[in-house]
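There are 4 protein chains.
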Amino acid sequence: MATHRFRPTRYHNVIGTAEPCLRIADGDTLITDTIDASGLDAREIAVANRPNPMTGPFFIEGAEAGDTLAVRIDRLTPSRATGWTYSPLATTVLEPAAMAERVPQQRVVWDIDTKAGFVKLQEPVKGLEVFAPAIEPMIGCFGVVPAGGQALSTATSAQNGGNMDYRLFGPGTTAWFPVSVPGALFYLGDGHACQGDGEIVGTGIETSFEMEVTFHVLKRKITWPRGETAEDIFTIGNARPLDQALQHATTEMSRWLGEDYGLDVRAASHLMGQVVRYDIGNVFNPAFTVACRIAKKWLTKR
Amino acid sequence: MATHRFRPTRYHNVIGTAEPCLRIADGDTLITDTIDASGLDAREIAVANRPNPMTGPFFIEGAEAGDTLAVRIDRLTPSRATGWTYSPLATTVLEPAAMAERVPQQRVVWDIDTKAGFVKLQEPVKGLEVFAPAIEPMIGCFGVVPAGGQALSTATSAQNGGNMDYRLFGPGTTAWFPVSVPGALFYLGDGHACQGDGEIVGTGIETSFEMEVTFHVLKRKITWPRGETAEDIFTIGNARPLDQALQHATTEMSRWLGEDYGLDVRAASHLMGQVVRYDIGNVFNPAFTVACRIAKKWLTKR
Amino acid sequence: MATHRFRPTRYHNVIGTAEPCLRIADGDTLITDTIDASGLDAREIAVANRPNPMTGPFFIEGAEAGDTLAVRIDRLTPSRATGWTYSPLATTVLEPAAMAERVPQQRVVWDIDTKAGFVKLQEPVKGLEVFAPAIEPMIGCFGVVPAGGQALSTATSAQNGGNMDYRLFGPGTTAWFPVSVPGALFYLGDGHACQGDGEIVGTGIETSFEMEVTFHVLKRKITWPRGETAEDIFTIGNARPLDQALQHATTEMSRWLGEDYGLDVRAASHLMGQVVRYDIGNVFNPAFTVACRIAKKWLTKR
Amino acid sequence: MATHRFRPTRYHNVIGTAEPCLRIADGDTLITDTIDASGLDAREIAVANRPNPMTGPFFIEGAEAGDTLAVRIDRLTPSRATGWTYSPLATTVLEPAAMAERVPQQRVVWDIDTKAGFVKLQEPVKGLEVFAPAIEPMIGCFGVVPAGGQALSTATSAQNGGNMDYRLFGPGTTAWFPVSVPGALFYLGDGHACQGDGEIVGTGIETSFEMEVTFHVLKRKITWPRGETAEDIFTIGNARPLDQALQHATTEMSRWLGEDYGLDVRAASHLMGQVVRYDIGNVFNPAFTVACRIAKKWLTKR
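Chains as they are written, first to last, in the numbering used here: chain A, 2 to 303; chain B, 2 to 303; chain C, 2 to 303; chain D, 2 to 303.
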C-alpha cells in the first residue's frame, strides 16, 4: 500500500494507449499534479494545449481487459489561488430564440480562498457582490483507455470515462472504470474548484490541482462508469442527446442492482421508480453525461 | 380569503376551455378531491377514464391572459390506503439492447400508511422486504388552459403545465402558470404518494387525494411554469428530447434572475454555472419535463 | 360523386372539434379556397390570424372513429400571383456556433408565374438572378380531428396530420388520416407554391390556393398518416427529435407492408433495408415530420 | 497519374495514425481490395475482425493539415458472388412499443449477380420471391485521420468521415475529407452491393470489393465531408441525434454556397429553402449521418 508522488512533465489530449508515466501496484495511492483545462499549471504558466491536458497514463498492475478499475478520490487540493470560467450560458442550454441576445464569450477569474473554503469573482459583478459558493472540488476528466484501439479526445467521454464533468466526482467518491487494456492506463486532469450541474457555462472553476487517488483492481466486469459516495451509488451514461445518456446510466444501474443487491429487473424497477435520482454531469461536451443515483439507505448488499 | 370545498362529479382528459365547475376569488383556498391516473376514486371505484382525469376547471377571478396564476400547494392527503405502480422500467429509459429482456408490464399495489408515513409493496418482492420509502405526496398533472384555443391531452405537458410529474410539486411549493384565458381555468389531479425522478416506471404511486391549494393572481408575464419551495426557486421546460426541455427551463431561469434578482445575462450565467441544479420531472410522457433549480440562499430579491 | 364548391368565411387555428362548415358524402369532391400561413387571401387581404388558418372543418359522411379518411389531392391552383418566404435558415437547422452570424429575419416576396410554371424572387438577389424553381404546389397543413377531445395548434402536427409541410403532399397524392370522431372533421390550408425538404427557412412559398380534393372513407385502421403517389407509398411520423419521427414512420410502414403486401416483419425488413427512402417533411415546426417511402415497383398487393 | 494496385495484408478497426501501407502521389489512382464488414474476404475467409476492417492507410503526398483530400470513386466491383444482411429492423428505427414484437437477429445471404446487375435473397422468403434490387455499390466506411491524435472506431463517423453508410458514396461520386495530418492517411472498406436509406437493418448487402479511387489534394479547408455526383453537391453531418447531424450538414452547405457560388447566408437560405434535399445515410451507427444535397442545375460556379 505504497504512496507514489508523481510530477508530470508531459500531458495528453487523447485517452488512448501511450507509454505509461508510472507503474502502480493494486492498492497503492498516487499523489500527482494536474493542470487546468487550458494547460495552465500551478504557476499559471501554459505548459500544454487544449483540450483538457491529462496527467498520465498510469499503469495499474494486475488490471486486465474485462476487469474494473476502482479509483478512490482521496483529496483534491487546488494548487493555485485562482481559477477561471466562461460566460455566458452555453449554446447547448439556451432556447434557439434566446441565442440572438447572447453576449460575447468572456473569460473571468475567480479567487479560490482555500482557507475560507469558497470561491469569489475577482472583479465585482452587479448583483453578485456577495456570491461566494463553497469550494467543492471535483475531477472533470479522468478514465482509462477505451476498447478496440481507440484514442478519444479529452473533450468528450464514453464508456471508458473521460470528460464527464460530474460534480460528484469529488473527495470521498470511488469511481469505477471498465478496463480494456493491460494496466488499464489511467489518466486524470481538468479539476474544478466547483461547478453546478451541467457545466452550463462550458467550464467549472478551472484550476490546477494536487490530486490524491487510490487504485483497486476489481475482478468484475462493468459496461459504463460507476461510482460510490458516502451516501449513494451511481452509474454514468455518456452520449447525445441527454435521453440516450440517461438510458445508458439507467440500464447500468438496473444491472448493478441485480449483480450486487439481489434485485431482478422487476424488483429493481420497483425500487428505482420511487427513489431514483438523476444528475446531469454535463450538457456541454460532445457527449453529455447523466448520472443515475440511488441512496445506499435503500439497498442491502447481497 | 375564503376556503371552498368542492366535490367533483365529472372529470376531464384534456386541458382546454370548458365550463368552469367553480369560481374562486384571488386569494381564496380550494379543498377538493382528485382521482387517480386511471380514474379510481377514494373508494377505488372507476369514475372516469384515462389518461389522468382532472378535477376542474376552476375559474380564478381576476386572472386575465398575460397574467400568472400562482398556486400554493397547502396540503396533499391521500384519500385511500392503497396506490399502484407499473413495472418494469419504461422503454424511454432503457438502452435498446436491454429491451429484449424486458418483462411484461405488471400493475402492483402499495399500501399507503399515512400514520407511519411510508408506502410499502402489498405483495412481498424478493430483495424489497424492507423497502418502505416515505410518503412524499405530489401533484402529477395540473395547470391552466393553453393559448390559442388548444385543448391538450392530460397525458402530456406544455407551457401551460399539464402532466409534468415533477416530485417537487408537493406541499409547501407554489407553482406559477402563464394565464391564456380569462379566469385561467385551472385543473388538477394525478396525485402520487411518492415518485422518484423521471417517473421511470410510467407512474408514481398513483392514488386518490384530497388536495388543498390557494390561488393568487400575479400581474406579470411568464413563459414556462415556475415554482418556489422553502429552499429553492425553479423553472420548468416540457418538450422532447430532454435537451430541449432543459433549454426551455434554463432560458426561463435566466429571464427570472433578470426580472426579480437584478442579474443581467452574464451575471446570471456566473451564478447558474456554479450552483444550478437540474431535476428530471418525467422522461416518460409525450413531453419530458426538466426543472432548472437555484437555491434561494444564493439570491437577493431586488 | 358530386363536386362541392365551398367558399370559407371563417378559419381555424386549431384542429379540433368545431361546427362543420359543410357535409360531404363519401366519394365526393371538394373545391375550396385556402388562405396563406399568415392569413392573407387571394386579394392579399388579411382575413385571419396565424398560425396557418385552416378552411373547414368538413364533415365526411360515413366516417367513424377507427376508420381511415383517404384524401386524394386532385388540384392545387395558386389563387394569386405572389407568395412569400422568410430568410435566413431556421435556428433548428444551424449549428449553434453558426447562430452568432445569423442575419435578422426578413420576409421576401416571390412572383408565381403559373403560365411559365416557376417562381422567382421579386427583388433581385446577388447570385440568384436566374434562380427560378418550378411550381410544385403542396398542402402544408391538413388533417382530421385528433383523438380524445384534443384541439391541436395548426403550428404543429401529430397522428391526425396537421402542419407536416411535406412536399409530396401535392397533386396526384392520396393522403390517409386516422379518423377519431364521426365525420372525421377535415381541415386544410397553408398551401405552398414550392418548398425544399425540411421547410428550413420556416416557410415554403406561402400563398393562397384553390384546392380540389376527393374523399373516400376506408373501413380500416391506421396509426399515423399514410400516402400514395403514382410511384410510391409512404408513411409519416410527426415528433421531436427527428429520430422519433423516423421511428413512427418506419414502424407504420412495417405494419403497412404486413397488412397489404403480405410481408411479415422479417420480410419487410429485408425489403426496407435495401430500398427504403426517407424524406424530411419539416425540421422547423414544434413536431418534426419524417416520411418513410417505398417505391411501388418493389411491392405486390396481396 | 500513375495507377497503383495494392493488395492488403492487414486491416484496421480504428481510423487513426498508423504506418502507411502505400504512398500515393496527388492525382494518382489506387486499385485495392476491401473485405466485408465482418472481415470476410473475396474467398469468404475471415481475415480480420469487426467492426468494419479497413484497408489502408494510404499516404497521399502533398496533403497537409488544413487541406482537403478529394477522393473520386472510379469503380466498385464486388469481388465475390454473395453478400449478407441482418434482419429485422434495427432498434434505432422502431417505436419502443414495437420492440416487444421484434424477432431475433438473423443473418441472411444474398446472391450478387453482377452480370444481371441485381441482388437476390439466396433462400426464398414469402412475399419477396421476385424482389431483386439493382446492384448500386457504395463505400460504407472511408475517410482520413481525425484531428488531435484521435483514433476513432470504424463503427462510427465524425468530421473526418468514417462509417457514414451513405448510398451516394458510389461510382462517379467524389468525396472530400478535411485533412488533419501530413499525407491525410486515407482508409477505405465496408463496401455494400446496395443499401437503402439509413442502413436500417444495420447492414447494406455486405461483401468484399475491388475498389478503384483517384486522389486529389485541394489547398482549401472544409469542416465536414463534402461530395459531388454528376447531378448534385452534398455535405455530410455525423452526430446524434439526427437533428444535430442535419445541423452540421446544413451549416456546411451554407458555407460552401458562400465559398464557391457567391451566395451570402441570406441568398443561400433562399436557394436552400426551396430546393434542398436531405438524405439519411445511416440511423444505426453510434453517429448518425445526414446529407444535405443541392442539384447543380441551381448553381453557378463563381
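Hints may be right or wrong, so weigh each one.
Stated by the list, open to error - Restraint ranges, calculated between C-beta atoms of paired labels, are given here: (1) C:V131 <-> D:T224: 23 to 33 Å; (2) A:P21 <-> C:P105: 53 to 63 Å; (3) A:P125 <-> B:F7: 28 to 38 Å; (4) C:A101 <-> B:E130: 49 to 59 Å; (5) A:Q123 <-> B:R51: 49 to 59 Å; (6) A:R44 <-> D:P183: 56 to 66 Å; (7) B:E102 <-> C:P105: 47 to 57 Å; (8) D:V110 <-> C:G263: 17 to 27 Å; (9) C:A101 <-> D:V131: 51 to 61 Å; (10) D:T10 <-> C:Q106: 54 to 64 Å; (11) C:G149 <-> B:R24: 21 to 31 Å; (12) C:Q106 <-> B:E20: 56 to 66 Å.
As the list claims (entries may be wrong) - Straight line, CA to CA, 25 Å or less: simulated BS3-like cross-link-like pairs of lysine-lysine: (13) C:K302 <-> D:K127; (14) D:K127 <-> C:K121; (15) B:K127 <-> A:K302; (16) D:K116 <-> C:K127; (17) C:K298 <-> D:K116; (18) D:K222 <-> C:K116; (19) B:K127 <-> A:K297.
Keep in mind the hints are simulated off the structure, nothing from the lab.
The structure presented is a predicted model; accordingly, all values stated were derived computationally and were not measured.
Ideal placement from N, C-alpha and C gives every residue a C-beta, glycine not left out.
Going through the hints against the structure:
For V131 of chain C and T224 of chain D, the Cβ-Cβ distance of about 29 Å falls inside the hinted range of 23 to 33 Å, so the restraint holds. As the Cβ distance of P21 of chain A to P105 of chain C is approximately 55 Å, the hint placing it in 53 to 63 Å holds. About 53 Å separates the C-beta atoms of P125 of chain A and F7 of chain B, a value inconsistent with the hinted range of 28 to 38 Å. Separation of A101 of chain C from E130 of chain B is about 58 Å and conforms to the stated range, judged on CB atoms against 49 to 59 Å.
Between Q123 of chain A and R51 of chain B the beta carbon distance is about 57 Å. The supplied range of 49 to 59 Å therefore holds. About 34 Å separates the C-beta atoms of R44 of chain A and P183 of chain D, a value inconsistent with the hinted range of 56 to 66 Å. At roughly 53 Å, the beta-carbon separation of E102 of chain B and P105 of chain C lies within the given 47 to 57 Å, and the hint holds. Between V110 of chain D and G263 of chain C the beta carbons are some 22 Å apart, a value that agrees with the proposed interval 17 to 27 Å.
Between A101 of chain C and V131 of chain D the beta carbons are some 55 Å apart, a value that agrees with the proposed interval 51 to 61 Å. Under the hint 54 to 64 Å, the C-beta atoms of T10 of chain D and Q106 of chain C, about 58 Å apart, fit the expected range. Between G149 of chain C and R24 of chain B the Cβ separation comes to about 27 Å, which falls inside the hinted range of 21 to 31 Å. Between Q106 of chain C and E20 of chain B the beta carbon distance is about 41 Å. The supplied range of 56 to 66 Å is therefore violated.
For the suggested pair K302 of chain C and K127 of chain D, the alpha carbons sit about 13 Å apart, so the restraint of at most 25 Å is met. For the hint pairing K127 of chain D with K121 of chain C, the CA-to-CA distance comes to about 50 Å; that exceeds 25 Å, so the pair is violated. Among the hinted pairs, K127 of chain B with K302 of chain A is consistent with the structure: their alpha-carbon atoms are about 13 Å apart, no more than 25 Å. As the CA atoms of K116 of chain D and K127 of chain C are separated by approximately 49 Å, the hinted pair breaks the 25 Å bound.
A hinted pair counts as satisfied when its Cα atoms are at most 25 Å apart, and K298 of chain C with K116 of chain D qualifies at roughly 21 Å. A threshold of 25 Å between alpha carbons decides the hint, and for K222 of chain D with K116 of chain C the separation of about 44 Å lies outside it, so the pair is violated. Distance restraint check for K127 of chain B and K297 of chain A: the Cα-Cα separation of roughly 18 Å lies within the 25 Å cut-off, and the hinted pair is therefore satisfied.
Going through the hint list in order, the structure does not satisfy hints 3, 6, 12, 14, 16, 18.
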